[in-house]
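Hey, can you work out the whole structure from these sequences and the hints?
Protein chains in written order, with the working numbering: chain A, 1 to 293; chain B, 1001 to 1312.
These aren't lab readings, by the way, just hints derived from the structure by calculation.
Ideal Cβ placement from N, Cα and C applies to all residues, glycine included.
One-sided and incomplete, this derived list gives chain A residues near chain B with beta-carbon spacing under 8 Å:
(1) Leu102
(2) Leu104
(3) Ile111
(4) Gln113
(5) Gly114
(6) Ile230
(7) Ala234
(8) Val237
(9) Phe274
(10) Ala278
(11) Leu282
(12) Pro285
Cβ-Cβ distance ranges computed for the label pairs, FRET-style:
(13) A/Ala268 to B/Ala1287: 32 to 42 Å
(14) A/Ile217 to B/Ala1136: 28 to 38 Å
(15) B/Leu1093 to A/Gly136: 57 to 67 Å
(16) A/Val275 to B/Ser1180: 35 to 45 Å
(17) B/Phe1182 to A/Ser123: 49 to 59 Å
(18) A/Ile157 to B/Val1034: 55 to 65 Å
(19) B/Gly1200 to A/Ala268: 35 to 45 Å
(20) B/Gly1200 to A/Gly153: 49 to 59 Å
(21) B/Leu1026 to A/Asp227: 34 to 44 Å
(22) A/Arg176 to B/Gly1240: 35 to 45 Å
(23) B/Leu1093 to A/Ile157: 55 to 65 Å
(24) A/Gly153 to B/Arg1195: 44 to 54 Å
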Amino acid sequence: MILAVPVQALFGQLLIGLINGSFYALLSLGLAIIFGLLNVVNFAHGALYMLGAFVAWFLLEKAGIGYWPALLLAPLAVGLLGAAIERTLLRRLTGLDPLYGLLLTYGLALILQGVFLNFFGSSGLPYEMPTQLQGGQALPFMFLPNYRMWVIGVSLIICLGTWAVTEGTRLGSRLRAATENAPLVSAFGINVPRMITVTYALGVGLAALAGVLAAPIYRVGPLMGADLIIVVFAVVVIGGMGSILGSIITGFVLGILEGLTKVFYPEASNTVIFVVMAIVLLVRPAGLFGKQA
Amino acid sequence: MSEASVQRIETAAVSQRVPIAVLVVLVLAAPWVVYPVFAMKALCFALFACAFNLLLGYVGLLSFGHALFFGGASYASAHAALVWGWPPELAVLFSMVVGAALGLLVGLIAIRRQGIYFAMITLALAQMFYFYCLRAEFTGGENGIQAVPRGHLENRYAMYYFVAGVFLAGFLIIYRIIHSPFGQVLKAIRENEPRAISLGYKADRYKVLAFVLSASLAALAGGTKAIVFQLASLTDVHWGMSGEVILMTLIGGMGTIFGPVAGAVFFTTIENYLSQAGSWVLVAEGAIFVVSVLAFRRGMFGELSRLLKRPL
Chain A
1 MILAVPVQAL
11 FGQLLIGLIN
21 GSFYALLSLG
31 LAIIFGLLNV
41 VNFAHGALYM
51 LGAFVAWFLL
61 EKAGIGYWPA
71 LLLAPLAVGL
81 LGAAIERTLL
91 RRLTGLDPLY
101 GLLLTYGLAL
111 ILQGVFLNFF
121 GSSGLPYEMP
131 TQLQGGQALP
141 FMFLPNYRMW
151 VIGVSLIICL
161 GTWAVTEGTR
171 LGSRLRAATE
181 NAPLVSAFGI
191 NVPRMITVTY
201 ALGVGLAALA
211 GVLAAPIYRV
221 GPLMGADLII
231 VVFAVVVIGG
241 MGSILGSIIT
251 GFVLGILEGL
261 TKVFYPEASN
271 TVIFVVMAIV
281 LLVRPAGLFG
291 KQA
Chain B
1001 MSEASVQRIE
1011 TAAVSQRVPI
1021 AVLVVLVLAA
1031 PWVVYPVFAM
1041 KALCFALFAC
1051 AFNLLLGYVG
1061 LLSFGHALFF
1071 GGASYASAHA
1081 ALVWGWPPEL
1091 AVLFSMVVGA
1101 ALGLLVGLIA
1111 IRRQGIYFAM
1121 ITLALAQMFY
1131 FYCLRAEFTG
1141 GENGIQAVPR
1151 GHLENRYAMY
1161 YFVAGVFLAG
1171 FLIIYRIIHS
1181 PFGQVLKAIR
1191 ENEPRAISLG
1201 YKADRYKVLA
1211 FVLSASLAAL
1221 AGGTKAIVFQ
1231 LASLTDVHWG
1241 MSGEVILMTL
1251 IGGMGTIFGP
1261 VAGAVFFTTI
1271 ENYLSQAGSW
1281 VLVAEGAIFV
1291 VSVLAFRRGM
1301 FGELSRLLKR
1311 PL
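Dropping the structure here:
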């Protein structure tokens, strides 16, 4: 017993917090790279996360294609859609106030959510866990489901992998350079427009991957990303969008914090991240890892 | 909002007497032409959109959380009228005070960041308030506050002209604010904040005051709506409502005086026609957003004032 809270409950909520943190990290990472290069806050991120989960569900129900291929196919499909969105819609907003990008992607999110709500209702559909990851480990103090460990592991690897690519490879250094000064980079003969398309596709692909990972845990429903994206916005404000590693760390830490709040003061578990955001803004307006105010 | 991106026709010294007179006549005649309930809903949304536009159009701040003030005020006025038995005028006035207090609180936090972050912060704070309303005792959770009494305004025409009075008062207040020296400073901050600061204006104070004014007037609209529909519910504090007021302002023409009114009427009309269509309303809203942002950024009154070569 710690502070009159059973150890089991504590570790259980910590685990749930880590799972939520995995999703916050994957989503805010995608938002951060998209914002860095496109100067667009992608409001459609939550809807594309939902779309990723639905692609996995369709693959299983309509084509009998299981979880493992879906893990690759869904991000690919959503990434292609993202590339199309960037080419046909977002590109037209280059040079305009970033608020227009937010409003355009908000519109896209409404369209996606509206269409799926219309065909599937708001209750959501079950998605079966892959057999290889069912069951769990019985630790002395808690039961550890395999699938949850898998989600945390994959998310960590993808997040750190993305960070390593942007920091340590030629592609990553070009990406960072274009984020700093796109006209100069294109003067060096690098195809910046193509890089922008690829970056947007990559960012929303990460969201779709998070959607597939979430499908067996949460139900697959049209609104699964709607409230989530607002929490992720708060995470991004807390971390500051300037830093990729910052958004990963902030995502995990806030997930854990949310889990702990569920144990000690459950009434506030929905709002704790927003409260943290308000405090961070008052104390350190640029965000924990942000550069400029 | 950066100055290069938004083309506006400045609303400087041109007299707006004629268009305002037209608006007043339309508002007074409306219940004899369309259903009074429809007209009241349109007027509440119109005032909400005008209040929102005061911030977006004239200070360049996009609040994605104005449902907080609209919905928070509708709870306040419903509670005052139902539980405390206050007459509708006092209930609405009380909701405005609540809106101003909420506006001060949110404004002080949100203006610490600019541009796109401001939108995300207001959205997040409004979502926090939504969760609070979901759990709080006095809001009635999923049921909301129902059967709010209209007091001595039972007659639907009495109710309508009360709403019309509220709308016109709010509209004229906003008109005055925009054309006052204070409003000029707001526009200066919108166009070039560092320069306004170097001229000695405390930009943050101006922004907070504009935020509080906008929140109070949005609250006036929300408080009135609760009396009209005799209901305060979670719909009014949901982020969807914040999105809808942006949509109304965008299609009407942000930074124009009459645009938000037109946008609100347009929005109420399509919502009315699509009320049987379920989630397709969302799809329609989304499509309007996409089309407006891509091809219709000036909005109805922005385009109109460009054609007529005079601010509207």
